[in-house]
Amino acid sequence: MLYRFDRYLLGLMMMVFVVGFCTVFGLYVVIDAFTNVDGFQYGHENDPIVWLLLRMGRYYGIQAFSFFDMTAPLLAAVSLITVVALLHSKRMLYPLFSAGVSIDRIAAPLLAGVVLLLLAVMVNREVVLPRLAYALQLPLGKDAATGVEVEPVYDFATHILLSGRRLFPGQRRILQPEFVLPTELASEVVTLRASEGVYVHSDGRRPGGWVLRDVTPRYGELHLTAAGRAIILPGRTGEDIFVATDVGVDQLYRRDATFRLLSTAELMRRIRNPSTPLTSVRAQVAHLHERLTQPVLILLVGVLGGTIVLRRESRSLIANVSLAIVAVGTAYVAHMAAVQMGRTGLLPVDLAAWSPAVVVAALVAWLYPTVET
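In this text, residue positions in the sequence shown follow the working numbering: the first is 1, and each later residue adds one.
A portion of the hints provided could be inaccurate.
[To be verified] Here are the computed distance ranges between Cβ atoms for each label pair:
1) A99 / R272: 53 to 59 Å
2) T225 / T35: 51 to 57 Å
3) T264 / G220: 40 to 46 Å
4) L132 / P217: 37 to 43 Å
5) G208 / V326: 45 to 51 Å
6) G208 / Q340: 45 to 51 Å
The set of hints was computed from the structure by calculation and includes no laboratory data. Owing to the predicted nature of the structure, the values given are computational and were not obtained by experimental measurement. Glycine included, each C-beta is placed from N, C-alpha and C at the ideal position.
Using the sequences plus the hints, can you model the full thing?
Written out as structure tokens, the structure reads:
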């Protein structure tokens, strides 16, 4: 049951978070817009200023979801610390202490606020960002009709090299694809060239793969091995060929960054995908551990900052708040550094992801007895 004071603390924390997020995001928009204003005008030099503002509004409206994903967890911890500092500065805690209300009970609505914000981050990450993944990565001045450059990729499961001229992720289409078949699939190395290719997801009866249209050489001209006949299949017409592969659209452009915009279920599916190279798998496993540990770390970091602000032996609230912000920033940077070490193989991925949370938990247990009661 939420009492009036609980609702007051929860509302105060949400207000601090919204003000902080709008301030930081507004600063980002101002700096980025002035820096890249030419990009918004590219190809639209004669359009009125209203259309320029509409394009900028749409672009930054989409970027707001990505910015929320990056900044909201840390801002949630900072908001908790800010509310604790406000309560301490206005002497609102001492009447509660005198009435026998414990610090744990006072902290409950604040921790609930952090959990609510982390749930919002989770919904944004699992539902919203995957739907906006392509739009979030479009260069300034470009739209879905222009497509993106294809980054050739090697399928480690079928040993096929996939490339092409232009990729249209929103349509799951590649322009002028070129697939190089190895000798494991054909009697000799063969390059399949087509006017376009369309990726088709698995439907349970047929594997996922690329439908190559107007392809040369034709299917009847290929000398396939037994393994090749299981992967290279004839299309619905004599001009088409179906290539069964788990290498989809999102692995043909910015594959070192696109996995950050995948849902957790899709990320786990890609990790188990035998077509994915080992270096990419390591980075994706590290990112998965980062997703799992981030909520725990943010909660612990918020509690750590609150305990530093409310230390009994301290005489300066400003010094306490400064030390709490430094502690939060240090813990977050240490977490990012540890995850990066896991990606590069300097540390085991699970150890790199969980060690900062363990250290922060130990600090919380050490400092908790010093909190005012």
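Status of the hints after comparison with the structure:
no.: 1; hint: A99 / R272: 53 to 59 Å; result: holds (55 Å)
no.: 2; hint: T225 / T35: 51 to 57 Å; result: holds (54 Å)
no.: 3; hint: T264 / G220: 40 to 46 Å; result: holds (44 Å)
no.: 4; hint: L132 / P217: 37 to 43 Å; result: holds (40 Å)
no.: 5; hint: G208 / V326: 45 to 51 Å; result: holds (49 Å)
no.: 6; hint: G208 / Q340: 45 to 51 Å; result: violated (32 Å)
In terms of the numbered hints stated before, the structure departs from hint 6 and from no other.
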